[in-house]
Amino acid sequence: MIEFRAVTKCFDGGTVAVDELDLVAQDGEITVFVGPSGCGKTTSLRMVNRMIDPSSGVVAVDGQDVASRPAAELRRGIGYVIQQAGLFPHRSVLDNVATVPRLTGSTRRAARRRAAELLETVGLDPALADRYPAQLSGGQQQRVGVARALAADPPILLMDEPFSAVDPVVRDGLQDELLRLQDELDKTILFVTHDIDEAIRLGDAVAVLRVGGILAQYDPPQRLLAEPADDFVAEFVGKDRGYRGLSFVDSDALPVHDLPLVRLGDQPPCDGWLLAVDAGGRPRGWLEPDSGGGAVTEERLRAGGSLHRSGSPMRGALDAALSSPSGLGVVVDDGGAVVGAVVAEEVLAALRERRPGAA
Amino acid sequence: MLGGIGLYLSSPTNREKVLGLLGEHVYLAILPLLIGLAVALPLGALARRGALLRTGTVQASSVLYTVPSLALFVVMPGILGTSITSPANVVVSLAVYTTALLVRPVVDALDAVPGHVVAAAIAMGYRPARRFVAVELPLAVPVLAAGVRVASVSNISLVSVGALIGIGGLGELFTEGFQLRYPAPIVIGILLTLVLALVVDLLLVGLRRLATPWAHAGVGS
Amino acid sequence: MILVEALGWLVDPANWQGPDGLLVRLGEHLWFTVRVVLIAAVIAVPLGLWVGHSGRGGVTLVGAANAMRALPTLGLVTFLFLLSPSTPVLVTIAGLVVLAVPPILAGAYAGVQSVDGRVTDAAIGMGMTGWQRLWQAEVPGSLPLLVGGVRNAALQVVATVTVAAYVGVGGLGEPLLVGLAINEYPQVAAVALVTAVLAVAVDTVLAVVQRLVVPNGLRLAASAAGAT
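Residue numbers (my numbering), protein chains in the order written: chain A, 168 to 526; chain B, 5 to 225; chain C, 2 to 229.
Keep in mind the hints are simulated off the structure, nothing from the lab.
Please note that the accuracy of each hint is not assured.
Here are some, though not all, of the chain C residues that point toward chain B, as calculated from beta-carbon distances under 7 Å [said to hold, decoys possible]: (1) Ile3; (2) Glu6; (3) Leu75; (4) Gly76; (5) Ala200; (6) Ala202.
Computed from a prediction, not measured in an experiment: that's the story for all the values here.
Every residue, glycine too, gets a C-beta built ideally from N, C-alpha and C.
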């Protein structure tokens, strides 16, 4: 448990970076600090491992004031991941990951063995172990950064915009990976970002900070979307917050309809929209109504919309329906085979049902 | 010209003398280089502690470097209390130059270490001394090496000025040739100085490569 | 006390006046410096600018400049003197030009190289010819480092004219070497002090010049970059 008790930080020159912050980050959760630049999110993070000392107030880990512990020793027990990973360019990937175990007195051999395990944990090819950081892609470097932070098996991880320097596709992958790791490792994670989407996706709890280091709202993400505390939060959360909120609504109650299918290479059985599937039942594209007879080939198909995986949140269901040329959102199972279809009107109806006071 | 050189070197006494002077030249140039580096490293690290310290140190070193070498050589006995013909005058003077020349590269080299790497090292629990040796110093080597190469060429060339006060390594071949109105020793002295500068430079380049294997590992697929 | 005796030597007007006096020597010293730096600049500035502009031969140029730096001036001047004993002033200037060329060359080359690649790109994109690009974009941008190179060269020359006095061409080296020869240590220390003061003064003047020639926009950009 990480506690901020009335923490204030003024820098030389009088800038107030953090103003009377009161907040508790629970064990085993990802707590995200989000806000525009100048909101003190990084400063708050750095006060946990004493990279910055507060001007007043107390930062406590498991009830103990961090100021009461020697800084270097404290830091060795807290993992830290930053933008661009902060890897040591002069050390191999393996030796980077082995850094903290070496600092805490492990033998070189033990530290490297531990490092090799960790590379696997974060999904890196062991063949990369002897490379230097400059020889890795941005996404790979970031994974090494995470592995290095985990090396001493610290109960706490501090992550300062770790994924902001990589491209959106890689960032998606890294976010998934972090959630998967967290399922496995159950760390207490403080995560700083300026990206509200990232905050909502990763956070068990999200702290929205405003310029001057004032805590505007501290809530679970669905609550943040549904009930922004004030105009600043509403603005910051953005225009799509109603839509984003669907990420937290389950789609179990949504009716799934049968869908007219045609296998590639077969004759279309009827007119009207038909979903073409391959031999494994996976969707390939849509055949438009009245497009004539003859065997269905890839060339005759229109690209499909996004797919809604059965059991995933309502957001995917609505998007599948809205992006499908036929208006029928395709639902697939975990193997990617077509299960059926959803329609947008029923998504809206299902949402209406959930409202308090609905009949 | 070549004949003159051959003739000069055909005398065993001359050969022995040239070798002796070459050895003295190496000693007079390299020892100050090492001393200067050893002084400039902590000085440069200290200079980064504050804006005032930084400008003060860098400007003081550039003024120091402005003092002409011959002037420093001849004033040194007055400061050190040594005799005017003591090699210590040249060694200390060149050490002062090397320090003056290297303070700025040391500051620049340490500045060039990426901030996020230093932040990561602090966050992982490095204490300052170990961080300096294990993280900042190795990463400073490429920029630093360029400064050390300049200082080595400068020292090797300046040693010969010492010949005017009687301690000049290969420079003594210049005064000898001038007094005897005989070009051969002068040409030998110039050529050996050039070769020495080149060899030391190559050695420094080799040392830098050894110290920075990470800087030229190819970008793998 | 050496320093006191040296100062005593300095305050004696007899040592400043006359055909062998310090004033004459100082004049000779500066006159050598001016000629050498001008000649070296005429050689090195166009060469350095051109190589930096065309991007061809940069490695060769830097290598050659570094090799020239290693040439010991005392050796060069004594050697040239023996080749042509009747023209001591000319050979001294030649030897010192070899000393002054590398820093100016390096400064001009590095100056052009330091011009932001986006600026030259934009200049090409606007349709400037090679010459227009050189004069309107690269030369103004390279001035700080170029003048820095000249300053460095002047400093080396001021210091080394003293050494060249060995072949008997005057300058402040003359009374210094005479003092050494006759074991007149206060005189040696006094002249050494004067050369040091002269070097610092020349460097200071050129530092001011260096500030003045930097285009305003560049100075603003540099201080803006320094402030963040």
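Sort out which numbered hints this structure fails and list those numbers smallest first.
2, 6
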